[in-house]
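Asks: As a plain string of letters, each chain reads:
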Amino acid sequence: MAMLEIKNVDKVYSSRGKPPVHAVRALDMAVTKGEIVALLGSSGCGKTSTLRMIAGFESVTSGAIALSQRRIDELPPAKRKVAMAFEGYSLYPPLTVRENIAFALKAQQLSRGEISRRVEAIARLVEIEDILDSFPRAISGGQQQRVSLARALVRDADLYLLDEPMGQLEPQLRAVLRGRIKGLLAERGMTAIFVTHDQTEASALADRIAVMEDGVLQQFASERELKNRPANLFVASFIGEPPMNLLETGVAPADGGFRLSVGSDIAFQIPGDTLDQAARRSLEQGNRVRVGIRPQKVAVGTGDVRVRVVSNQWLGDQSHVAGECAGHLLIAVTPNRIAARAGDVIPFALEPRHLHIFGADGTCIRHAEGG
Amino acid sequence: MARLELNSVGKAFGAVRCADDLSLVVEPGEIVAVFGPSGSGKTVLLRMIAGMFEPDDGDILVGGRSIVGAPPERRGIGMAFQNFALFPHMSAQDNIASGLRAKAKGGELTSRVTSISRLLKIEHVLGHMPRELSNGQKQRTALARALIGNPEVLLLDDPLRNVDAKLRYEMRLELPSLLRRSSAAVLYVTQDYREAMAIADRIAVLIEGRLVQVARPEEIYARPASVAVARLFGDPSINLAEVTPHTKQADLTAEIAGTKVRLDPVDQQAADHGPCWLGVRPDDLVVTRTASEDAIPARIVAITPMHERAVLLLRFADGSEWLAALPPDSPMASADDGVFVRFAPEAALLFDRATGLRVGLPHRRQAA
Amino acid sequence: MDHSSLAGRIFRGVALALVLVFFMFPIVWILMMSFQTNEQILRIPPHILFEPTLSNYQALISGQLRTTAGNLEIPFMRNLMNSFVLSSAAVLLALLLGVPAAYAFARFKFRLGESIAFTLLSFRFAPPLLVLLPLSLYYQQLGLSDTYFGIVWVYQLIALPLILWIVRGYFEDISPDIEHAYRLAGHSWREAFTRIAVPLAGPGIAAAGLLSFIFCWNNFVFALILASADKQPVTVGALAFVTASGIQYGQIAAAIVLSVTPTLLLALYAQRYLVEGLSLGAVKG
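Chains as they are written, first to last, in the working numbering: chain A, 1 to 371; chain B, 1 to 368; chain C, 1 to 285.
Hints are computed from structural coordinates only; laboratory data are not their basis. It is possible that some hints are incorrect.
One side of the interface only, derived from the structure: several residues of chain A facing chain B at Cβ under 10 Å [stated by the list, open to error]:
1. G183
2. L184
3. E187
4. E201
5. E241
6. P242
7. D317
8. I331
9. P335
10. R337
The following residues of chain A were derived to be distant from chain B, with all beta-carbon distances above 12 Å [said to hold, decoys possible]:
11. A102
12. S134
13. V345
Note that the Cβ used here is the ideal one computed from N, Cα and C, for glycine as well.
Chain A extracted, bound-state conformation (with noise of 0.2 Å):
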């Protein structure tokens, strides 16, 4: 059963004398009840719009958004059941951390017992236990961060909308809390939208992603999905850490398949048999295709992709190791250390098998096996 179903939203904000900007175009998005969703993007892509439309901070141009089966577009913001937590903290300032939080819960009617008794519960989750009597102004923005998603996160809503919510939060303390706040959501069976630009953020707290660029939604899928089977080359190249390796190969066929070379340095034999009806088509007909592999998939040491070392970085747990060949740069990442220097000439091993294929619009049309 879907909680939040947004059917055809567009928003287009129009102001005198300028263009009117198409901030979000045919979005199509369904949660279900107890699913953690990311809008992930980089700024201007919409994603901030699209959660302003569902707390009731912008309108809706056109398009309809239901939550729990009530439609909500038309409903001012404190009508629709959601709790939101501010990018931009938005603590009142005269009000002390704990009654802060507690300021959502009144309205609902609780005993005082109980509402001390849930504040203490929220805070202790997000560490905020010695600081329930300060006030805003003499905490760290990342005390304020966390205290701004505790009020939102104690509250009884349908929904919770959450803002770039740990984006200020202190490097030692952020994996600990993505667990915590993680756990919770699920344990209550909450549903929750955040909004970031950070991909780690994205694919540590949410089930799905909704990845969106120009106001366009590109893909909503699992992590897994999403790095496994991207739909288009917008998405391969934005998902990864390190984006992904992309390559732009001349096509010929060859022994039932095809043959894809970069120069005469790198070539790769696609089999016929791994490819669908329209992929052998598309590969038909266009001469020039773009691959892609991801970093983690390149094997370093073996293979017969010589490169040139440009760097070689040991970062505790995994090397970075990034060589050029054919003047394409190409980045592997492998969990041991590499001996290899600049200037070294060592083999890189890209197989046939790891490669994502896209067409010339940019669509995938074939995966690589197994992700």
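Could you slot chains B and C onto chain A? The hints should help.
Replies: Leaving out everything else, chains B and C in the frame of chain A:
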């Protein structure tokens, strides 16, 4: 070329001690990252070297000559700022050329601007004003301006802070070779431990105005000097437990959440040490479904995939929480499962509970 | 979120018109008066339609004021010239002194810095008459009374604090790192001031200059006490129209139109800078 030397440099603003007895040598051609949490005094340190503040005590030498008291323009220093600090009313070209400190004229000036901008891939935007540049281009222009005068000392104040993740990654690959070309002594301030490890020859860890450890990146990661340093390196950061190690029939053990775990016998001297912090990195944990004597029972609170790994938030019987980072396709797939956590004895680091300093013999961490 | 309903739009139009009429009425009325003779002006009820005459302007420009009691000489054009000279000189001097001072207040923290800056501002609070009496005595002893220099000097009380506070805010808005970067590139602080700080604070300096020009132009009381007829600006010169044989309303109106026009044009031309200068600089100061 000249080396940069700091001799017990100290600086206080009112009651706040921003730099406390800092001593550091940066050789020509070497990149030293100054790494620490925000407010640890990194920026103040750079600004003392650049001449925006003078140190209260100690000395700063470039090529054996003290620069304390000299005006910034006579210190032979190039600097790139976090907020770029480009001159908004000058084109990128003029911004870069201003760094030549009126030494070169006419043809030579133009040719040097051209060659440095080719190196930084900003030739095509030389005529643009700063407001027309993207953040990445701004940062490259600022770097070009800092590099063009061939300074003896190069100071980079968190230069990648304000560029987007993709560009930051690219620059992280590119910067070391670019900086080494100039054979300047480079101090690179950053708040990102991965950036520090990727770029620097050595890392100087600055906490509350003190240098706690100065060493090669892999050395710091494997053998952090204190619990504070250990917590700064690694994402997710290191798991900690309060323990009191003791010897039992030649075995060194410690109790974590009611389970006795074995520690590396070479850490014997920790036996008499009293209360300690025990630290284990999330990627050194092994999570299984089968119980064993030295495995700590835990419940999975949540799974948060991160950096191509599955990060598990584990809760022990006593309520304490640890994180485990597993390969992405490991079978521990669902939350709320009961599991058992183990780690190799040599993976554990011990720190004194009172001082935070590491105890025991050097930790051995083998690289493949 | 959308306020553009029909009723809303009508209400907004009416409200705007009311405000406009309220503020524009005196200006329009003065303009009309300047084209009427005294008799026409004093008719009751007043007429909206009339036969315009240029006699008022003629009288002002020729300096001959015809009244029922005979001809009267008025140096109106000279007054106008005086206004120009005094205000421009005062603003120039204030910029020369005020911009470096504003930079010092913005960049360097020194003992009593805030107190000095505030003292300078407080000159604007005191009623001018408070200082004028002792000042005129000093001026007579120093020989500054009834000199251009003396008036320009006393105008610093108006222009200097204004320039100091507006420009200071502007300098504070410029990231000091930009100047640091310029100095590290091998330039002295003087060069950093002239080539970086001053050009970047340009709009603020222009706004402060314009604003203090207008304030100096409109000043009345300083010049009234300290200047004699041939050094008087228009504000004081207009007093001459109150003659023994009656008040020359038509000429007063024409004089006002002539004296307001330069500042009005200046303000309209520099409107954008003025608003920016005031909202950006002064608020932060």
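Asks: Check the structure against each numbered hint from earlier and tell me which ones fail, lowest number first.
Replies: Going through the list in order, the structure violates no hint and respects every one.
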